[in-house]
Amino acid sequence: MEYKALLVKYGEIGIKGKNRGSFERALCTQIEMHLERLGQFTVVREQGRIFIACPDEYDYDETIEELQKVFGIHAISPVMVIESIDWDNITAEVLKYVDEKYPDKHFTFRVNAKRADKHYPIESPDMCCKLGESILHAYPETKVDIHTPQVLLTLEVRNRAYIYSETIPGAGGMPIGTAGKAMLLLSGGIDSPVAGYMIAKRGVEIEATYFHAPPYTSERAKQKVIDLAKIISAYCGPIKLNIVNFTDIQLYIYEQCPHEQLTIIMRRYMMKIAEKLADKGKCIGLVTGESIGQVASQTMQSLNCTNAVCSMPVYRPLIAFDKQDIVDISQKINAFETSIQPFEDCCTIFVAKHPVTHPILSGIEKSELKLAEKIDELVETALNTVEVVECRR
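Following the numbering used here from start to finish, the sequence shown increments by one per residue and tops out at 376.
Because the hints were derived from the structure by calculation, they are not lab data.
A hint or two may mislead.
Said to hold, decoys possible - The following label-pair restraints were derived from C-beta to C-beta distances:
no.: 1; residue 1: Lys101; residue 2: Ile275; range: 27 to 33 Å
no.: 2; residue 1: Glu243; residue 2: Ile275; range: 16 to 22 Å
no.: 3; residue 1: Ile68; residue 2: Asp262; range: 51 to 57 Å
no.: 4; residue 1: Cys112; residue 2: Arg8; range: 35 to 41 Å
Claimed, not checked - In silico DSS-like links for lysine-lysine, alpha-carbon gap of 30 Å or less:
no.: 5; residue 1: Lys353; residue 2: Lys336
no.: 6; residue 1: Lys1; residue 2: Lys84
no.: 7; residue 1: Lys97; residue 2: Lys52
no.: 8; residue 1: Lys126; residue 2: Lys113
no.: 9; residue 1: Lys265; residue 2: Lys223
no.: 10; residue 1: Lys263; residue 2: Lys353
Where a beta carbon is used, it is the ideal one built from N, C-alpha and C, also for glycine.
Can you build the whole structure from these sequences, using the hints too?
Encoded structure:
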């Protein structure tokens, strides 16, 4: 059957008290942005609900798929709108809905009625009884099951009435932009795109930084990262991607520092540069895809050394995730096939054969003194030659 409206249900927004309105408005804005390319949809807030009025012609499946990418939506229900709230009219429309929606009437059901308009003359429990009786009379094959019905038929009476029986899960989380902005260190691997997705799910707007090392990493490696940014932008909106030429810095570290410390020292300079770009972009934190113990640079001791170089907080949404957990989410957001393309990033190229797994911060800082002659100039050059790419699907 054709639906002229969709009901959007949210989760955590409902407990925001006096701030709920601002979260609802942010969610409506995100919905409008996501649906803009699909047609002339109208998004309306109404007493703790968000309704989407659909155009006469639209692609239902594509619309639902797009709404499932909007953070802040807990569930979506396609609804039948009943303009006249005369009870006889409501009853007739509900019976029509059941007939069209369920050609096979051999199912159990329960009616759930909500009277948002308290001036309506029939109270909610009475509406449930009356509708249940009418359905049983019209379709005797059906049966009532209060506890585990196959069909939960919901009626909401407001200035008009809405009937629905299908609930489609949404992405959950909070609307983008309600929790500030952060800088994602985006590589071409599996983890960092998932970290970006996870932090965005909590309402954080994302900017990203990628460290490129030509000629050791190819243009295809850079394009892979751009493609990953575009993939996660489907969920969190357009992403400004800063592409930093890191080659000279890496080579200098490689020449001057102990090779077992290469990854940690390179990582520290990546964090320094990302923090400067984050400050410029009005971000209030850095985001990485690190998970404790996954590789040598992600032990507790290694993370302590990289943290020490930053004044901004560093958020690690995947810190306690197993690799399979991360892979599952990567596949869910359609990033996995792109992430496993065999174009290596700069971290992979310059990895040491025997990296230190329990670095001591004072030892790392002592090794970095060997870089004093040129490192500040190289960092400044890298910052001044950043390539910016606006990534959107």
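Results of checking the hints against the structure:
| no. | hint | verdict |
| --- | --- | --- |
| 1 | Lys101 to Ile275: 27 to 33 Å | violated, 53 Å |
| 2 | Glu243 to Ile275: 16 to 22 Å | holds, 20 Å |
| 3 | Ile68 to Asp262: 51 to 57 Å | holds, 55 Å |
| 4 | Cys112 to Arg8: 35 to 41 Å | holds, 38 Å |
| 5 | Lys353 to Lys336 | holds, 21 Å |
| 6 | Lys1 to Lys84 | violated, 39 Å |
| 7 | Lys97 to Lys52 | holds, 28 Å |
| 8 | Lys126 to Lys113 | holds, 15 Å |
| 9 | Lys265 to Lys223 | holds, 12 Å |
| 10 | Lys263 to Lys353 | holds, 28 Å |
The structure fails to meet hints 1, 6 from the earlier list, while all remaining hints are met.
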